[in-house]
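*Asks:* Let's have the full structure, built from the sequences with the hints guiding it.
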Amino acid sequence: MTDLLEPVLRDTLEKRAQQLDPDVRGRLMAVDYRPRARRIGILPALGAAGLAGVAVAVALIFTLGSSPPPASAFAGWRPTPTPARPGQTAVAIARCGLGRPVLIDTRGPFTAAVYAKPKARWPGSTVTSVPPQPPPKPAVGSCFYGPNFSSAATSGSALARVRSGQIQVAAQTVSGGSENATVLDGRVGAGVTGVGIRLSDSRTVTATVSHGWYLAWWPGTPHATAAEITTRGRTQAFALPAVAQGGVGSCSGGCASIGPVMTVGR
Amino acid sequence: MSEFDQFVVQNVDRLLRTAYLIAWDEREAEDLVQECLFKLARRWPRVRAMDQPGAYARRVLVNLAIDGAPRRARRRNELEPAPGAGESFADPRGALSDRADLLHALAELPRDQRAVLVLRYFNDLTEAQAATVLGCSEGTVKSRAFRGLARLREALSPLPVESGGTQP
Numbered sequence: 057m058t059d060l061l062e063p064v065l066r067d068t069l070e071k072r073a074q075q076l077d078p079d080v081r082g083r084l085m086a087v088d089y090r091p092r093a094r095r096i097g098i099l100p101a102l103g104a105a106g107l108a109g110v111a112v113a114v115a116l117i118f119t120l121g122s123s124p125p126p127a128s129a130f131a132g133w134r135p136t137p138t139p140a141r142p143g144q145t146a147v148a149i150a151r152c153g154l155g156r157p158v159l160i161d162t163r164g165p166f167t168a169a170v171y172a173k174p175k176a177r178w179p180g181s182t183v184t185s186v187p188p189q190p191p192p193k194p195a196v197g198s199c200f201y202g203p204n205f206s207s208a209a210t211s212g213s214a215l216a217r218v219r220s221g222q223i224q225v226a227a228q229t230v231s232g233g234s235e236n237a238t239v240l241d242g243r244v245g246a247g248v249t250g251v252g253i254r255l256s257d258s259r260t261v262t263a264t265v266s267h268g269w270y271l272a273w274w275p276g277t278p279h280a281t282a283a284e285i286t287t288r289g290r291t292q293a294f295a296l297p298a299v300a301q302g303g304v305g306s307c308s309g310g311c312a313s314i315g316p317v318m319t320v321g322r
Numbered sequence: 047m048s049e050f051d052q053f054v055v056q057n058v059d060r061l062l063r064t065a066y067l068i069a070w071d072e073r074e075a076e077d078l079v080q081e082c083l084f085k086l087a088r089r090w091p092r093v094r095a096m097d098q099p100g101a102y103a104r105r106v107l108v109n110l111a112i113d114g115a116p117r118r119a120r121r122r123n124e125l126e127p128a129p130g131a132g133e134s135f136a137d138p139r140g141a142l143s144d145r146a147d148l149l150h151a152l153a154e155l156p157r158d159q160r161a162v163l164v165l166r167y168f169n170d171l172t173e174a175q176a177a178t179v180l181g182c183s184e185g186t187v188k189s190r191a192f193r194g195l196a197r198l199r200e201a202l203s204p205l206p207v208e209s210g211g212t213q214p
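Chains H and C, in that order, give the protein sequences. For the first sequence, the numbering used here gives the first residue as 57, with consecutive numbering after it. For the second sequence, the numbering used here gives the first residue as 47, with consecutive numbering after it.
Hints in this document: simulated from the structure, not taken from any laboratory. A portion of the hints provided could be inaccurate.
Stated by the list, open to error - Taking beta-carbon pairs under 7 angstroms as the criterion, some of the chain H residues facing chain C (in silico):
(1) LEU65
(2) ARG66
(3) LEU69
(4) ALA73
(5) LEU76
(6) VAL80
(7) ALA150
To be verified - Selected chain C positions facing chain H (in silico; Cβ < 7 angstroms):
(8) LEU67
(9) GLU76
(10) GLN80
(11) LEU83
(12) ALA87
(13) TYR167
(14) PHE168
Said to hold, decoys possible - Not close to chain C: a few residues of chain H, all C-beta gaps over 10 angstroms, as computed:
(15) PRO165
(16) GLY245
(17) ALA246
(18) THR249
(19) ARG259
(20) PRO278
(21) HIS279
(22) THR286
(23) ARG290
Beta carbons are placed, not taken as given, at the ideal position from N, Cα and C, and that holds for glycine.
*Replies:* Written out as structure tokens, the structure reads:
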């Protein structure tokens, strides 16, 4: 006699396999698997800033293409988030290797993502991570991916509770080689549906808002002068304290630094 | 469509299902197949010259699934609930009340044992073929399969039996 385990096992495995979400196949098919860059060096420069009790460490990996770099490391950036191209976010998420983000921001060819544990607070402990080593338990992390500024993973933690109608502001300066970018991100309070960041050069950068978080970034170091917070269809501008207006520490050659975290809003 | 793209179209479903059954987690399966395809793309001139590129892809995938499991598990645990946590298994037919138990038991198997069972009973490989995929001996495949099946049997109430077969 033979028991029925083996045929039942075959049947069970087949049925289990059929439960796969068909969208997964689509995402995999959309990825461009061709080698896109030749990694010539890893520059895990760590920037730790201790302003106002906040301590954050950041690690970046740069991959430089075999072709000459374009005039700007951030060519193609847009002040308003753009729809992701097929496979764009999947590749970035895979390269970042931090799991499922709570927010994905795409601007032209660049993808930024925020990762957070459900109850992550900010500010918090100091952590560092240098992929491909396993990230050491980041409560909050963000990751950037683009054609020239190829991959950057930041790990940090922070943020206390944010009130309804308010946003928290954490400013980072991230280096894309010879150029810097400024990043503002943090939690949003209940009711906040939109965030815009006014810059010192009169531009406004529209943030991506998702799952209680927002993120906006821009090339260069124009200062953030105000945050436009939209709550219940009404937008109000709030001046950002001087400490958030850029100047979060010098950064060059593959590093990032993060300034203090603050809360603005009504 | 490039030759590599055609290869992906032809193989992605089977790779994805195999990864899903070994990892027992959809997101990890997606990551595994993506990493596998990145590796194949980099080595494509060599892979395409092989007799069975699909078999090589499966070998790369299975070894990624087994060797990289601790690293990926650590990453997931840092940011997300454990895969499978709270997952429920339905038995839509209701014909076998042990189906859900079997799924639970499969989910709890050590990954190397589950990989052997997936290769043997989902991919229909012989023990020798499974050994080649895993880079181990046939004896190792046999022992992992034996232990895996034994654990599944332990987890189940007695299954119906039929006459006429021989005990392996």
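*Asks:* With reference to the structure, classify each hint as holding or not holding.
*Replies:* Tested hints:
Interface restraint check: H:LEU65 against chain C, minimum CB-CB distance 5 angstroms, threshold 7 angstroms, status holds. About 5 angstroms separates the beta-carbon of H:ARG66 from the nearest beta-carbon of chain C, less than 7 angstroms, and the hint is met. For the restraint placing H:LEU69 at the interface with chain C, the shortest Cβ-Cβ distance is roughly 4 angstroms, inside the 7 angstroms limit, so the hint holds. For H:ALA73, the suggested interface contact is upheld, since its CB lies about 4 angstroms from the closest CB of chain C, less than 7 angstroms.
Satisfaction of the interface hint for H:LEU76 is found here, the shortest Cβ-Cβ separation to chain C being roughly 5 angstroms, below the 7 angstroms cut-off. For H:VAL80, the interface hint holds, the least distance from its beta-carbon to any beta-carbon of chain C being 5 angstroms, beneath 7 angstroms. Annotation: H:ALA150 was flagged as interfacial toward chain C, and the flag holds, the nearest CB pair being 5 angstroms apart, inside 7 angstroms. About 6 angstroms separates the beta-carbon of C:LEU67 from the nearest beta-carbon of chain H, less than 7 angstroms, and the hint is met.
Using the Cβ-Cβ criterion of 7 angstroms, the hint placing C:GLU76 at the interface with chain H is satisfied: the shortest such distance is roughly 5 angstroms. The beta carbon of C:GLN80 comes within 5 angstroms of a beta carbon in chain H, closer than 7 angstroms, and the hint placing it at the interface holds. A cut of 7 angstroms between beta carbons decides the hint on C:LEU83: the least distance to chain H is about 5 angstroms, and the hint holds. Nearest Cβ of chain H to the Cβ of C:ALA87: about 4 angstroms, under the 7 angstroms cut. The hint holds.
Because the beta carbon of C:TYR167 sits about 5 angstroms from the nearest beta carbon in chain H, less than 7 angstroms, this interface hint is met. Taking 7 angstroms as the C-beta contact cut-off toward chain H, the hint placing C:PHE168 at the interface holds, the least distance being around 4 angstroms. No Cβ of chain C approaches the Cβ of H:PRO165 within 10 angstroms, the least distance being about 18 angstroms, so the stated non-interface status holds. Distance check for H:GLY245 against chain C: the nearest CB is about 23 angstroms away, which clears 10 angstroms, and the non-interface claim stands.
H:ALA246, annotated as away from the interface, keeps every beta carbon of chain C farther than 10 angstroms; the closest lies near 23 angstroms. At the 10 angstroms boundary, the C-beta of H:THR249 stays outside the reach of chain C, the nearest C-beta of that chain being 25 angstroms off. Every Cβ of chain C is farther than 10 angstroms from the Cβ of H:ARG259; the closest lies at roughly 33 angstroms, confirming the non-interface assignment. No beta-carbon of chain C comes within 10 angstroms of the beta-carbon of H:PRO278; the shortest separation is about 32 angstroms.
With a closest Cβ-Cβ approach of about 32 angstroms to chain C, H:HIS279 is found to remain outside the 10 angstroms limit, as its non-interface label requires. At the 10 angstroms boundary, the C-beta of H:THR286 stays outside the reach of chain C, the nearest C-beta of that chain being 28 angstroms off. Consistency note on H:ARG290: stated as away from chain C, and its beta-carbon is indeed over 10 angstroms from all of that chain's, at 34 angstroms minimum.
The structure agrees with every numbered hint stated previously.
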